[in-house]
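Visitor: Residue-level listing of the chains:
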Amino acid sequence: MRAAARGARGLASAAQTAAKKTQQKQSIDDFPLIYPDFLPSPVWNRRSALFERLQRADMLERRMHIDIPEFYVGSIVAVTTSEPNLATRQNRFVGICIRRERPGLLHQFTLRNVVDGLGVEVMYELYNPTILKIETLKLEKRLDTDLSYLIDALPEYSTFDFNLEPIAHPVGTPVPINDTQVKLRQPPWTQRWELYDFKGIDKAWLQATPYYKRKLRITKVEDYMKYDLIRAYRDDCQEAEHEKNTQKEMLEFERARHESGATKRRILKSAADGI
Amino acid sequence: MQLRFRRRSNDTSLTGRVYELVKSGAIDAATLQRMSAAVHRKTPIKSVEPIPPPEAGEFGENSRRVGLVGIKLGMMPQWEAKTGKRVLCTLIHVPDNQIVQVLDPETWYRDSIVGKRKAYGRYGPHHRVTVGAQNIDPVFLDPKWQVYFKKHGVPAKEHIGSFLVSSDAVLPEGFRLDARHFNVGQFVNVSGRTIDWGFQGGMHRWGMRGLPDRRTTKAHRRIGSIGSCGDARVWPGKRMPGHMGYEWRQVSGLEVVRINPLESVIYVKGSVPGDAQEKLLINDCLHEDKRVKNPPFPTYLETIPEEDEEAESKQVVNAANLTSADIYHEKIFRFDSPSIVFTAADEKQSAARDKMRAKIAKVKK
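Residue numbers (the numbering used here), protein chains in the order written: chain A, 1 to 275; chain B, 1001 to 1365.
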């Protein structure tokens, strides 16, 4: 029994040190992927230090009042918004996140679902004050960062149960990548999916009609763009120093709010890193 | 995709050749320091006696207050607190605004062609008050501008702009203006140079329709005919391709929805002319229905006394308290309040809805 008690104490202390270590870790490696709204604008002229500071102040203040969970393109998210004309004054929509766009307070994400056989895409502004709750029902990634092609895929790939129970993600484990390859409907499609390099589409080129394959030679295909490093630097907006400073600012903001006693909510979180 | 041509950089500021050379790297840091020291020896910044604050006055019918010189930062959304409707706002930074020069109507009329038009008008004589914004090291200015700022005893500014001001609203030279010069909820005119589009063709510059896609030889975006045979000439002012944009324009009647006094930033509802980092002039809108009522006259005078000013400068402004002193319009949602929740009172009231409700109730019975 004594050995068992000692064993239990040892386990408890190991867990404590692990928790302390994760708490001490002050920065997240995947910060631009978890917080794409904190990236600076891709338009070079709009990158002003004062403008970005003012915007971040508003964003952090909002994050202190509503829990904005971590989610990626491919995660299943439920959003509850205030609606003035409904009896319950609330509307809940569940769907798969197909895209996340725009920097700062303008950041928006689109959820897709099939409701009564009709595909529905709803775009939400992340910082809109009518949003009451955002829940990540299933935290996962896909092979692409833009799932717009689901509009031309078979409906089963976009259908999700509105009453889906949240699937807890074990903290500290990496975010799983769902490597399904969707089957598209018969062409013609809304966009020329066969031309893009989407890893999540199953045999798009083989399904494309001979007409479009013949027209390929006059189509503007810009494969060489991926080799433009300056363009990638400018458009991806991922600068290590900027990320470090932003994370420091977030932690300082958190600390100031915790000290004033206003709230105990934490903003800087990462499911994969366990903080 | 239209390429946007780069205009001559920083054309709206008073910076001269030295600024270009430093940016290009032709002048290194050590040389710049020597040049700066030489300029400061020539134009020493003397300690100026504190300017006695002007007395508060009455904003009368023919009063015209001074304006502010600002820099366009960019656009940001805000939301209405009651409806949740999005309001796109332009952020205008008004740093270190200070009165640089005051010209009385008589001198202005005598010495300037513009003065001969503007000094004496329908609403009475007006002073020309020049306001400067954004302190800058005078080494970056042309010697003529260095002498100008020294003459008026004001630190060198990067941007200046002049305003028509009535006699009762004139302020002394060197007086510092605050972002709270405007009231939240009032309407302002914002003027600035529009976006520089460079050399553009007739379709984009003048909205011409071009020529048909089919049955046309190599002339789909050309201007086509430029005159008739009878005139045997081209009319002066004929719309043709040429330089487009970078012209001074004013947008009037924009609402001020929020002011950040710590960083001197004004949030204005709507869009203003020009690109980010460009100079803007902001003044009161005097249209009948948008005219400001009870503005701080002649300007915001509740300045912090010297001891408190020192204490405030010691306080670090970080993200947590950057917007703590903001003045909001009552209709704008503050991010430190909880999410918007609607009640039955917010529901859209209409006769058709009531009728439908009654019908459903009847069917249920």
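Just so you know, the hints here were simulated from the structure itself, not pulled from any lab data.
Keep in mind that a hint or two might mislead.
[As the list claims (entries may be wrong)] Cut-off 27 Å, straight-line C-alpha distance, at most; resulting in silico cross-link-like pairs (DSSO-like, lysine-lysine): (1) B:K1042 - A:K215; (2) B:K1348 - A:K133; (3) A:K183 - A:K199; (4) B:K1348 - A:K220.
Visitor: Take the hints in turn and mark each one as holding or not.
Guide: So, going through the hints one by one against the coordinates:
For the suggested pair K1042 (chain B) and K215 (chain A), the alpha carbons sit about 71 Å apart, so the restraint of at most 27 Å is broken. Only pairs whose Cα atoms come within 27 Å are accepted, and K1348 (chain B) paired with K133 (chain A) is accepted, the gap being roughly 24 Å. The hinted pair formed by K183 (chain A) and K199 (chain A) meets the criterion: a straight-line CA distance of about 12 Å does not exceed 27 Å. Taking the CA atoms of K1348 (chain B) and K220 (chain A), the gap is near 49 Å; set against the 27 Å cutoff, the hint is violated.
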